[in-house]
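Visitor: Sequence:
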Amino acid sequence: MLNQSNLSHAGSRPKVLLIGLDCAEPSLVFERWRKELPNLSAMMDSGLYGPLLSTVPPVTVPAWASMLTSKDPGQLGLYGFRNRKDHSYDNMSLASSVWLKEKTLDQILSRQRLTSILLGVPLTYPPRPLRGLVVSGPLTPSKDVSFTYPPELQTELDAAAGGCYIIDVPDFRTEDKDRLLRDIYEMTRARFNTAVYLTRNKPWDFFMMVEMGIDRIHHGFWRHHDRNHRLYQPGNPYENAIRDYYRFIDDQIGKLMEYVPHDTLILVASDHGAKTMRGGFAINQWLIKNGLLSLKEALPEKPVRLFPDMVDWPRTSAWGEGGYYGRLFLNVKGREPQGVVPAGSYEELCGEISRALEAEVDDQGEAMGNQVFRADSIYRQVRNVAPDLIVYFGGLDWRSLGSVGREQPLYAFENDTGPDDANHAQEGLLIMTRQGEQKRLPSGRRSGLTLYDIAPTILNHLKLPVPEDMIGRVID
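Start counting the sequence shown at 198; every next residue gets the next number (my numbering).
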């Protein structure tokens, strides 16, 4: 087993710290609350910053994996939290590190004898060996499993956290807002305490942490903060919950900076942003309405999740999945077990569905502004089983609802998986600076940044060659 105490740094090679803030919204950091975020504001003043274009789709999985590999979701074969393992109807699998076949940044650094620490990074469970340390992030089943590398690191975490290390908050789609708020703060405080402990006591050349609290607080409290949300109530007790949490995050970042070596390259990044969720569009209900999806029995009275054994597959041409974006799959003859769509009609049907969805109107009769993407058109390569169509309902103003039922409206204003106020926005954020006063990056706001640029930029800063198959560019 790797002896952590024997790891050493490569001479005077520079260090890199990447602070990931899942779902951090650029408009709140760059404009609305900038004066209330002194540490992030100082980083912007001394470095560069700008919106960071995310993946299609802009979700935690695959976005963080794309950031660490500089590969798009098609190249990774990862299209969301749950992915089809094959072309059967019922073989969906939760994403994990096992799915990740492309070399990640930490793996590249390990081969160059550089030491990495990954703390709370999505898609790191089960933890894989590397030169350094891993504390796996979201999608880790619980603390009852082995979720660190090396395994004995797990025994240090609660003490390092100053109480109890928390992987993720449970049940963030809840009406118990007081409990949710307490859990988010406890998780974040524990994560940053652990980050301080690791930066001070373990060797590293590259340190990456991801804090999930911003994502959880956005989904749980957005309607309480956004005056444009249909459920916003002025003077509600949680009106400043998100603002206060951003201030808390800024303070935690400031405390961490006290232990980061001089001249370290600092990056603060989010995988996507956030926006008000107007409601949900019932994609499977729409497919039933348009004669593309048939059930074996009559629609249930109350809305229920669509399960494969409910579907009359020999009479079904397409079905969909719920989530922050829509995924549609065609029932192709010779591909799916009971496929009915002839291969020669595939392109035509994709086009018909795309045009119909793009022409759809919202609950007020106004153009919805749906965007439909073809995996083979937007990705450089399509691995594993990709959705045939990826749909942004209303430009991500609406989520996709997979449920069906006689009382399931096409447009719904209650989420089918629990209370949720926000959807993901296509752009996250990036702030990049150096620790210390002597060296400063060219300051100012930048445009055209993508999350694919992060890995090449870090490799370049560490004086390592950038692999030719990385699709991002070095941020100068």
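No lab work stands behind these hints: they were computed from the structure.
Keep in mind that a hint or two might mislead.
Listed below are the simulated DSS-like cross-link pairs for lysine-lysine, each with C-alpha atoms no more than 30 Å apart in a straight line [said to hold, decoys possible]:
#1 K472 - K493
#2 K499 - K340
#3 K340 - K282
What follows is a set of in silico ranges between Cβ atoms, one per label pair, in the way DEER data are often shown [said to hold, decoys possible]:
#4 R670 - P434: 25 to 35 Å
#5 E349 - V537: 28 to 38 Å
#6 P431 - P326: 50 to 60 Å
#7 K374 - S224: 16 to 26 Å
#8 P235 - E372: 32 to 42 Å
#9 R231 - D506: 46 to 56 Å
#10 K340 - D506: 33 to 43 Å
#11 K452 - S224: 51 to 61 Å
#12 E604 - S224: 29 to 39 Å
#13 E611 - V537: 25 to 35 Å
Yeah, the Cβ is synthetic: ideal placement off N, Cα and C, and Gly gets one too.
Visitor: Each of the hints needs a verdict: does it hold here or not?
Guide: The hints, checked one at a time:
| no. | hint | in the structure |
| --- | --- | --- |
| 1 | K472 - K493 | violated, 38 Å |
| 2 | K499 - K340 | violated, 36 Å |
| 3 | K340 - K282 | holds, 26 Å |
| 4 | R670 - P434: 25 to 35 Å | violated, 46 Å |
| 5 | E349 - V537: 28 to 38 Å | violated, 54 Å |
| 6 | P431 - P326: 50 to 60 Å | holds, 53 Å |
| 7 | K374 - S224: 16 to 26 Å | holds, 23 Å |
| 8 | P235 - E372: 32 to 42 Å | holds, 34 Å |
| 9 | R231 - D506: 46 to 56 Å | holds, 52 Å |
| 10 | K340 - D506: 33 to 43 Å | holds, 34 Å |
| 11 | K452 - S224: 51 to 61 Å | violated, 25 Å |
| 12 | E604 - S224: 29 to 39 Å | holds, 37 Å |
| 13 | E611 - V537: 25 to 35 Å | holds, 33 Å |
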